[in-house]
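Novice: Throw the hints in and build the complete structure from the sequences for me.
Quick mapping for you: the protein sequence lines, in order, are chains A and B. Sequential numbering of the first sequence, starting at 1, is according to the working numbering. Sequential numbering of the second sequence, starting at 1001, is according to the working numbering.
Among the hints, erroneous ones may be present.
In the DSSO-like style, the derived pairs of lysine-lysine whose C-alpha atoms are separated by at most 27 Å in a straight line are [to be verified]:
1. A:224 with A:234
2. B:1136 with A:224
3. A:234 with B:1247
Partial selection, computed: residues in chain A whose CB lies under 8 Å from chain B [said to hold, decoys possible]:
4. 34
5. 77
6. 78
7. 82
8. 123
9. 131
10. 135
11. 150
12. 157
13. 210
14. 258
15. 261
16. 263
17. 268
Simulated from the structure, these hints should not be mistaken for laboratory data. Think of the CB as a built atom: it goes at the ideal place given N, C-alpha and C, for glycine as much as any other residue.
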Amino acid sequence: MSRRLLFGTPLRDWTRTVIGCVIVAIILFPLYWMTNVSLQPRAALLATELRFLPIPPLTENYVRVFGEQAGSIGTSLFIATTTAIVCLLIAAPAAYALVVFRLRWLTLFVLLLLIVQMIPHVVVANALYAIYARAGLLNTHLGLILADASMGVPFAILILRAFIVSLPRSLIEAALVDGATHWGAFTRIILPLSRNGLITSGLFCFLFAWSDFLFALTMGTQGKIVPITLGIYKYIGNENTSWNSIMAAAVLASIPPIVLLLAGQRYITAGLVGGAVKE
Amino acid sequence: MAPAVIFMVVLFAYPLFYNIWMSVTDFRVATFLTGVAPFVGLENYIDLLRNRTFYGALGLTAVFTALSIAGQMTIGMLLALFFWRSFPLNSTMRALLLAPWLLPLVVSSSVWQWMFAQDYGVINYLLLKLGLIDHKIPWLVDPTNALVAVILTNIWIGIPFSLAVFHSGLQALPRELLEAAELDGAGPVQRFFRIILPLLRPLTAIVFVLSVTYTVKVFDLIYVLTGGGPADATQTLAIFSFKLSFKLFDFGHGAAVGNVLVVISLVFAFFYIRSFRRQLESDPT
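Specialist: Structure representation (structure tokens):
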């Protein structure tokens, strides 16, 4: 076979690039369609011929949606950020302890973390609703943050544990010999070295909370705390809201995940694969 | 460590046990006012066994899970094989393909809902243009079609996970072995079934179990796309449990259905843990 090169790459590889582009285009078509519809006027939606290009692009939907949903986006940002912080505060020391203290029941704890991730959220919501009703945590930010954190903490502990295990043990031992406490070794040596693990798990905790719909739906009985996911759902149920606006809201809700994906691809892949397979 | 244990106990152990308690009581709206939930023993569970809706939801959960996973794993594996060889823009494309998995399910579901719309949806529009159908399909209105629509959407969401995990698995395979097989005249299909698949078996098992436990609990997607309808055609156990508790305020039965779901997840989790435990115990740390 002749090896013809283009920019130093065999032509055959460029063929794969072209096929790859087609695959990506097909799979990401729904995202394109969401953006396309969000930039069109209402009349274009109900025409017999659909428009595949939003020309000229219309920003009106975004202006309207931003006016109506800015509060929801703020709520989501606040809850997701706080949840990520809470998750890391709980998970990081726990992960350190799991690595340093080799106790039999800690292995059991790791197994429990794995199982806990498989528990359907509907089940947790069912019981939490009843518990929250008594504790006065329904319709509170704290309640929603704790519920969201319940999804992130087990995941974050497992990811961070895998990271800390991969660090040389001698680092911790040397620090302890030099008279440092476990807390000192953890905050001064392990934490700075676990930067990637912290970013990965923090990112996922943020995304879990950003995506949450079920807890917001069940814990927010008075409609006072409306994250963007719930805002979109209410839009769909509202006859007066056009699909252009719904799609514009959907685009706005997609921005943080997409930005995080583009900015931190390797952390995302690490978390995705690391959550399933050890290390 | 202590905060984590307390957190897990408060937010997992307590709810789980509370749920079990709720499932053996007649827990209703009045319970919140009076604090009284009469103990009814296994009555809630027995009611389920007599309830045709419950069997319907159980069957639908099985169909939804089986078809979703078959689709996700097959497409995920095919894509992983395609992206195995390095070529320009390979990693950028794989990054982009993660998007469906990262978006909030409410976002994905709302997009698909509009794409599936009978009169103005782009799916019917394209199918008509391509001459594949001669009339517009009532996707979300017809019971069978609605189930198909929900499964298709869930496959779309799950592809990135299989793709990413299978891709990382393929990267770890010994190249020499495959090259040797190629030199010996093994074709691509033969190499896949005789070498790649057997080597990836442990990983495939993990993807399978994780996908099952993830799929049986899917809620947002179905709730937004069809609300469990039409005529309960897409009402899986998760939706059924939610409706009992939060629409009919019959928390006792809702908890009972939820616990059935937990048991199903635990059965599959057991297989996962068994393989994970072996890993954990052979691990010196």
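Novice: Do the numbers back the hint for residue 157 of chain A, that is, is its least Cβ distance to chain B under 8 Å?
Specialist: holds, 6 Å
Novice: Checking hints one by one. Is residue 77 of chain A an interface residue toward chain B, by the C-beta closer than 8 Å rule?
Specialist: violated, 13 Å
Novice: Holds or violated: the hint that residue 210 of chain A contacts chain B, with Cβ atoms closer than 8 Å.
Specialist: holds, 6 Å
Novice: Please check whether residue 263 of chain A passes as an interface residue: C-beta within 8 Å of a C-beta belonging to chain B.
Specialist: violated, 11 Å
Novice: Taking 8 Å as the limit, does the beta-carbon of residue 261 of chain A come near enough to a beta-carbon in chain B?
Specialist: holds, 6 Å
Novice: Per the CB criterion, is residue 258 of chain A less than 8 Å away from chain B?
Specialist: holds, 6 Å
Novice: Would you settle whether the hint for residue 135 of chain A is holds or violated, based on the nearest Cβ-Cβ distance to chain B being less than 8 Å?
Specialist: violated, 10 Å
Novice: Given residue 78 of chain A as an interface hint, is the shortest Cβ-Cβ distance to chain B below 8 Å?
Specialist: violated, 16 Å
Novice: Measuring from the C-beta of residue 34 of chain A to each C-beta in chain B, is the shortest one below 8 Å?
Specialist: Holds - the Cβ of residue 34 of chain A comes within 8 Å of chain B, reaching about 5 Å at its closest.
Novice: Quick one, are residue 224 of chain A and residue 234 of chain A close enough, alpha carbons at most 27 Å?
Specialist: Roughly 13 Å separates the two Cα atoms, so the pair holds.
Novice: Using 8 Å as the Cβ threshold, decide whether residue 150 of chain A counts as touching chain B.
Specialist: holds, 4 Å
Novice: Assess, step by step, whether the Cα of residue 1136 of chain B is no farther than 27 Å from the Cα of residue 224 of chain A, and give holds or violated.
Specialist: violated, 40 Å
The structure is inconsistent with the numbered hints 2, 5, 6, 7, 10, 16, although it conforms to all the rest.
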